[in-house]
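Residue-level listing of the chains:
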Amino acid sequence: MKKKVIVIGGGIAGMESSAHLAALGYEVTLLEKSDKLGGHLLNWEKLFPTMRMGKDVVTFLNEGIEKGKVHVVCNANITSAIQKNNQFSVFLENNTTYLADAILVTTGYDLFDARRKEEYGYGIYNNVITSAELEGIFLNGFQIVTAEGNAPKRIGIVHCVGSRDEKTGNTYCSKVCCVTAVKQSIEIKERLPDAEVYCFYMDMRMFGMHFEALYREAQEKWGVNFIRGRLSEACENIDGSVLVKVEDTLAGKPLKMSVDLLVLMVGIEPSAGTKQVGKMLNLQFGVNRFFKTADQHTLTNVSNVKGVFFAGTCTGPKTITNTITDARAAASTIANYLSGHEIDDRIMASDIQLVALW
Amino acid sequence: MNIDGKIAIWKDYQKHIAADKYFYVRSCVRQNFFPGSETTFLRILREELGKDVYEHPCHTTCTGIGYHGDIVPLDTMMTVVARQFALMTEAGYENLVPSCITSFGIYTEVLDTWHHFPETEARVREYLKKATGREFKIPANIAHASDVVYKFRNEISAKAKYKLVNQHTGKPLKVVEHIGCHYSKMFPDKGIGGAEYPYVLIGMVNDWGGEIVDYPERRHCCGFGFRQYLVQANRGYSIACSHKKFESMQPYKPDMIITNCPGCPMFLDKWQYAIAEMEGKTYGENGQGIPVFTYEEVAGLILGYNPWDLGLQTHQVSCEPLLDKIGIPYNAAEKYDGVNGIKLGKPEKPAVLQCV
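Going down the list, the sequences are from chains A and B.
Start counting at 1 in the first sequence, then tack on 2, and there's your number in my numbering.
Start counting at 1 in the second sequence, then tack on 813, and there's your number in my numbering.
Don't take each hint at face value.
What the hints assert, rightly or not - Calculated pairs, SDA-like style, for lysine to any residue (alpha carbon to alpha carbon, straight line, at most 20 angstroms): (1) Lys998/B with Arg117/A; (2) Lys169/A with Ala821/B; (3) Lys834/B with Ala821/B; (4) Lys1066/B with Gly242/A; (5) Lys824/B with Gly125/A; (6) Lys258/A with Arg1032/B; (7) Lys998/B with Glu121/A; (8) Lys998/B with Glu168/A; (9) Lys1057/B with Asp241/A; (10) Lys984/B with Ser970/B; (11) Lys1057/B with Leu257/A; (12) Lys277/A with Thr302/A; (13) Lys987/B with Gly125/A; (14) Lys247/A with Ser970/B; (15) Lys255/A with Asp1027/B; (16) Lys258/A with Glu1133/B; (17) Lys258/A with Ser1061/B; (18) Lys169/A with Glu922/B; (19) Lys255/A with Glu1030/B; (20) Lys255/A with His1033/B; (21) Lys247/A with Glu922/B; (22) Lys998/B with Lys177/A; (23) Lys1057/B with Pro256/A; (24) Lys1057/B with Tyr1042/B; (25) Lys258/A with Gln1063/B; (26) Lys255/A with Lys1057/B; (27) Lys169/A with Lys998/B; (28) Lys1066/B with Asp241/A; (29) Lys1057/B with Glu235/A; (30) Lys258/A with Ser970/B; (31) Lys247/A with Lys987/B; (32) Lys169/A with Glu1009/B; (33) Lys258/A with Lys987/B; (34) Lys987/B with Asp241/A; (35) Lys169/A with Lys1066/B; (36) Lys258/A with Glu1060/B; (37) Lys177/A with Pro319/A; (38) Lys1066/B with Ile240/A.
In case anyone wonders, no lab produced these hints; they're calculated from the structure.
A quick note: this is a predicted structure, and the numbers were derived from the prediction, not measured.
So that you can see chain B by itself, here it is in the shape it has in the complex (with noise of 0.2 angstroms):
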C-alpha cells in the first residue's frame, strides 16, 4: 500500500471547521447508549480547550433514523432540521456540532438540497413559520464533533498523558478505524479525507501515537444500516454485515477499533457477542474480543480520564486488556460503581466471549 497515494487524497478533501462557540446538538442513540462520549467530548471542548459550547434544552431528534426508515417525510424531516437552526439563531450561535453521523448527514443533504432548489427552502420557512412562528438562519458552518476533535488533536496530544503505544513491546497499538457511512459517502467532499479514504480518525491515531490498519473490508457498513437492525426480521442481515468486517480485519490482529458513528461502535461491540455465541468465534486475542471505542472514549483515555467516568464499563467487550496494554491504571473494584455511589451490578459473564 502506498501511503503518498493517501496523502494527496487527503490533501484533496479538507474543510473548513469553526474553532469555538460551537452549537452542540446530542445524538438519539449515543446520549441512550454512550452518554459518557458526549459528556467526554464537552468535558475537552470546555475543561481542556476552553472553548464556548452551548446546548439547547428544546433540541430534538433530527428525525435521521425515521427518515432513512422511510418512516418521516422528506418535508418533515426537512421542517424539523428548520426548527434545529431556528433553536441555533434564537441562541445567537451559528457554528453547527452534531454528535451524531446521521444527523451530520441530515444537516448536510438539506443544506445542499436547499443550495439546489431555493424554493424548497422557501417552502419548509414557511411550514416552520407557520407551526411554530419561528425563523431561522442558516449556520456559518456545520462540523461532526469528531472533525472538532480532529482539529484539535495536536492540542489534544500535547495535553495527553498516554499515547496509543504498546507500553510492553513499545510498538504503535494496531488500530482498526471505522468511519460511520453518513459522514462522508453521501458528500465526499463535506468529511475530512473523502469518501473512499476518510482521514479524520486516521488523523487522530496518528497523532495519538497509534498505527492504522487497513483492511479489505473497511468501507463496508457496520451492520447498523438502520433497516438491518430495526426490522427485526432483517437482523441476520446487520450481523452478517459485522461478521464480514470481523473476518476481514482478524488477519491484521487489530489491538482496538476507534469509531464516530452512533451505531457503529454499539454494533460492533455488541455483534463480537452475539458471533461467540452462535460461531464460538471470537476475534481477539486469548478469545477476547477486538475492545471497540469512540474516539472521545479514546482522548479521554490518552488524557488520563478515569475509564469508568468514559463509559466503558459499558461496553460488551473488555477494555482491561486494552489499558493493561498502554498503561492506562484504573480501579477494577469501581467498574460497577455508579456516578452518585450507587453500585450498578455486575453483568453476566458470557459463555464465550471471554471478559473481564
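With the rest of the complex left out, here is chain A (with noise of 0.2 angstroms):
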C-alpha cells in the first residue's frame, strides 16, 4: 500500500514538494485554506530578475500536481491533529479526516501590515501605498495615478519596512523586498519614462543571481536615483503629495523632499496559517516567530515533531528559486524518512551548543 503524506497549505512550496512526493510514488494529499492554489505568486506579475510573468511559474505548479493526480482540497480549515504511532490524522471542519504517514507543512508567509509602521502614514495619507498594491496595479493593467488622479512626476520607494527593524519586532532580512524595488522601479519607468523614481534603502541586498546586474541596469538605464538611508517619517502636504524625511548617509545630510506617491517594500512575517498549524502540532517556533528547523545547517526541512517536516517561507523568507528548491529537498527528506533513512540519526562530527540564532 502507498504511504500517504499530507502538505498543508498551496503556495510554491506545497504545489512543488507535492509533485515530488507524487513522482517519488506516494499518495499525497495538498491542503489550502484559500479556493484555489498558487498564493502570494497569483498577485504578482512580473518576477525578478527576468520579468517573466509570475502565471508562467503557476503554469508550471500546476502542470506537476495534475501529472502527479495530486489530491487537491481547497478551502480546507484544519481544526486538529493528532499523531498516534507515527500515523497522523487531520481533521477538517467539514468532518473529513485525512490520515497521513508524514505531514510537509508549507504554511508560507503574510505580508507585514504597514500600517504598524505609524510614522509612515500608510492607511492615512492617500499617497502612500504598498509594493504588493503597486503590483496589483500592474497585475491588472491599471494605470499609475495617485490618489487625485494624476500621473506622478516623483515616486519615493521605500525599503525595509517591517524587516530589520527592532520597533517593529521584525529584527530579520525579508531578502525579497530589494530586488523588488529594483524590478518595480524599473516598471514604473517602463510605464512613466518621465517620472523621477528614489529608493530609500539601507543596504542593497543583490544576493541571488543576476540580481546585481539589474540593480546596474535600473541606474544605468532608467535612471532610478539610489539613496541610502532610512526614512524618519512622512508627512502630507496640503496638495495630497508626501511629504518624507530621509538622512543620507552618504552625503551625510539630512534629505527632505515630496514625492506624488510613496511606496512601502513590505516585508515578510511567517503567516497565520503557520502560527494556527504550528501550535496544532507542537512545533517549535525560532526567535523570529518562523519555524525552527531541527538544524540551521544540515535539517532545514525537519521539525521538532517526529514525521513533521517543512519547506518554504514558513521557516524564513526566500525568493521563489530558493523556495521550489527547498520543496524539493522537502520531498527527498520525507522519502528518506519513510524509506527509514533518517537523516536526523546522522552524528554530527562535534557536539558544540550551536549559537540560538532562530
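Using the hints, put the two standalone chains together into the complex.
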C-alpha cells in the first residue's frame, strides 16, 4: 500500500513538493485554506530578475500537481491533528479526516501590515501605498496614478518596511524586498519614463544570481536614484503629496523631499496559518517567529516532531527560486524518512551547543 | 487624509487615567510664565468637576531641564523623583498628575527604568533613605494634566458657554495642536493616541467644536528643545525650528494653536514676534500672529472665564481677534490690571507684528 503524505499549504512550496512526492510514489493530499492554489504568486505580475510572468510559474506548478494526480483540497480549514504510532490524523471543519504517514508544513508567509509602521502614514495618507498594491496595479494593467488621479512625477520607494527593524519586532531581513524595489522601479520607468524614482535603502542586498545586473540596469538604463538612508517619517502636504524626511548617509546630510506617490516595500512575516498549524502540531518556533528547524545547516526541512517536515517561507523569507529548491529537498527528506533512512539520525562531528540564532 | 486610519491608531493607544484624588505637581516654567493655566486647571477640577486635588508645598523641580541638558546626573534625577513620590506617599495620595510634559516624561522614564532594573530602584531607595530618611510607594497612576482634562472633556463641554466656532461664519475654528515631545515620543503607549498621531488635544478640540489641522511639520519640535534655547549660541536653531513649523502650517490658515507643554506655547508665541522683527513676516490675519494657548486656557475660555484671569494678557500674540471670532466678551480697559488692582503697565507695541 502506498504511504500517505499530507501537505499543508498550497503555495509554491506546497505545490512543488506535492508534485515531487507524488512522483516518488506517495499518495499526496494537498490542503489549501483558500479556494485555489498558487498563494502569493497569484498576486505578482512579473518576477525578478528575469521579468518573466508569474503566471508562467503557476502553470508549471499546476502541471506538476496534475501529472502527479495530487489530491487537492481547497477551502480546507484544519481544526485539529493528532499523532498515534507514526500515523497522523488531520481533521477539517467539514468533518473530513485525512490520514498520513508524514506531514509537510508549507504554510508560507504574510506580508507585513504597513499600518504598524505608523510614522509612514499608510492607511492615513492617501498617496502612500505598498509594494503589493503597486504589483496589483501592474497585474491588472491599471495606470499608475495618485489619489487625485494624476500621473505621479516623482515616486519614492522605501525599503525594509517591517524588516530589519526592532521597532516593529522584525529584526531579520526579508530578502526579497530590495530586488523587488529594483524590479518595480524599472517597471515604473517603463510606464512613466519622465517620472523620477527614488529608492531609500539601508543596504542593497543583491545576493541572487543576476540581481546585481538588474540593480545596475535600474541605475544606468533607467536612471533610478538610490539614496542610502532610512526614512524617519512621512507627512502629507496640503496638495496631497507626501513629504519624506530621510538622512542621506552617503552625503552625510538630512534630506527632505516631496513625492507624489510613496511605495512601501513591505516585508515577510510568519503567516497566521503558520502560527495556527504550529500550535496544533506542537512545532517549535524560532526567535523570529518562523518555524525552528532541527538544524540550521543540515536539517533545514526537519521539525521537532517526528514525521513533520517543513518547506518554503514558513521557516524564513525565501525567493521563488529558493522556495522551489527547498520544496524538492523536503520531498527528498520525507522520502528518506518514509523508507527508514532518517537523516536526523546522523551524528555531527562535534556536539558543541550552537548559538541559538533562530 | 483618511481619518479612519488615525481612529484605528487612537484605539490602540488608550490608557487608564485616575478619576479623582490627584497629587498635582506644578511646572517650573509654567508657574512662572503661565501661572494662570495652572490656576485654571485647579479651578476647573475643584470648582467645576468637584475633584480632590492636593498640592504639596515642598515639591521641587523634577530636574528634567538639567537632566536633559546633561547637567544633572541620572542617579541625582532619580533620587529627586523618589523624593516627590515620598511626598505623595506621606500625603496619602497615589495618583500623580504633573503639569509639565518633561516631568511626565521623567516620571515615566524612571518608572520604566525601575521596572526593567529593580536593582536601580533599590539603590535609589537607599540614596533617598540616607539623604532624607524618607520612603515611598510607586504611584498607582501617572497622568499628565492634559490627560486629566482629556478625560473630562465631555463634562467640560457640557458646562461650556462657548464653542470653538467662528460666530460670523458658523464654521469650526481651524486649530493646530502641538504636543510636547516628552509626552509620548519616548513611550508611545503612555500617551493618549501614541507618538505619531497623539489624540489628547485633538479629543478636546473636536469635543469643544473646533477642527484640527494636520500639517507636514506637525511632529517637529516647537524650538525649545532645551539646549537649542538654553545654550545661547544655539538660539538660531531654536527659532529656525519654530520658523519651519509656522511656514508649514500657514497655508492651512489656522485660527489658533493649542499646546500641552510648558515650552511650546512660550516659543510658538514669542518667536512670532522675533520672526516678524527679523524677517518682516507674520503668520496670522492682517499682520497679526497666530494666537497660541494652553489647553487650560482654551478650557477656561469655553467655560466663560474672564480672559484676563486666565493670563491671556501675557501672550505676545494678541488673543482679542480670536475672542471676537468666538464671541467671547472681554473688557479691554482691564487687560493690564493686576489681580490686586495694581496696574501692570502696557507693553510697547512691536514694529511689525500687529498687536491689539
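Now for the hints, and whether the structure bears them out:
1. Lys998/B with Arg117/A: 18 angstroms, holds
2. Lys169/A with Ala821/B: At roughly 19 angstroms apart (the allowed maximum being 20 angstroms), Ala821/B and Lys169/A satisfy the hint.
3. Lys834/B with Ala821/B: The hint is violated at about 31 angstroms.
4. Lys1066/B with Gly242/A: 17 angstroms, holds
5. Lys824/B with Gly125/A: Holds - the C-alpha atoms of Gly125/A and Lys824/B are around 15 angstroms apart, at most 20 angstroms.
6. Lys258/A with Arg1032/B: 14 angstroms, holds
7. Lys998/B with Glu121/A: 11 angstroms, holds
8. Lys998/B with Glu168/A: 16 angstroms, holds
9. Lys1057/B with Asp241/A: 18 angstroms, holds
10. Lys984/B with Ser970/B: 18 angstroms, holds
11. Lys1057/B with Leu257/A: Within the cut-off at roughly 14 angstroms; holds.
12. Lys277/A with Thr302/A: 18 angstroms, holds
13. Lys987/B with Gly125/A: 23 angstroms, violated
14. Lys247/A with Ser970/B: 38 angstroms, violated
15. Lys255/A with Asp1027/B: Violated. Lys255/A to Asp1027/B sits at ~26 angstroms, over the 20 angstroms cutoff.
16. Lys258/A with Glu1133/B: Violated, because 37 angstroms separates the two Cα atoms, which is more than 20 angstroms.
17. Lys258/A with Ser1061/B: 13 angstroms, holds
18. Lys169/A with Glu922/B: The hint holds at about 18 angstroms.
19. Lys255/A with Glu1030/B: Roughly 19 angstroms between the alpha carbons, so the hint for Lys255/A and Glu1030/B holds.
20. Lys255/A with His1033/B: At roughly 18 angstroms apart (the allowed maximum being 20 angstroms), His1033/B and Lys255/A satisfy the hint.
21. Lys247/A with Glu922/B: 27 angstroms, violated
22. Lys998/B with Lys177/A: 30 angstroms, violated
23. Lys1057/B with Pro256/A: Between Lys1057/B and Pro256/A the Cα gap is close to 15 angstroms, so the pair holds against 20 angstroms.
24. Lys1057/B with Tyr1042/B: 16 angstroms, holds
25. Lys258/A with Gln1063/B: Cα-Cα ~19 angstroms, so holds.
26. Lys255/A with Lys1057/B: 18 angstroms, holds
27. Lys169/A with Lys998/B: 13 angstroms, holds
28. Lys1066/B with Asp241/A: 14 angstroms, holds
29. Lys1057/B with Glu235/A: Satisfied, since the Cα-Cα distance of roughly 16 angstroms is no more than 20 angstroms.
30. Lys258/A with Ser970/B: 40 angstroms, violated
31. Lys247/A with Lys987/B: 26 angstroms, violated
32. Lys169/A with Glu1009/B: OK: Lys169/A and Glu1009/B at ~13 angstroms, within 20 angstroms.
33. Lys258/A with Lys987/B: The hint is violated at about 26 angstroms.
34. Lys987/B with Asp241/A: 17 angstroms, holds
35. Lys169/A with Lys1066/B: Measuring from Cα to Cα gives roughly 35 angstroms; hence the hint is violated.
36. Lys258/A with Glu1060/B: 15 angstroms, holds
37. Lys177/A with Pro319/A: Roughly 6 angstroms separates the two Cα atoms, so the pair holds.
38. Lys1066/B with Ile240/A: 11 angstroms, holds
Hints 3, 13, 14, 15, 16, 21, 22, 30, 31, 33, 35 from the list above are not met by this structure, while the remaining hints are.
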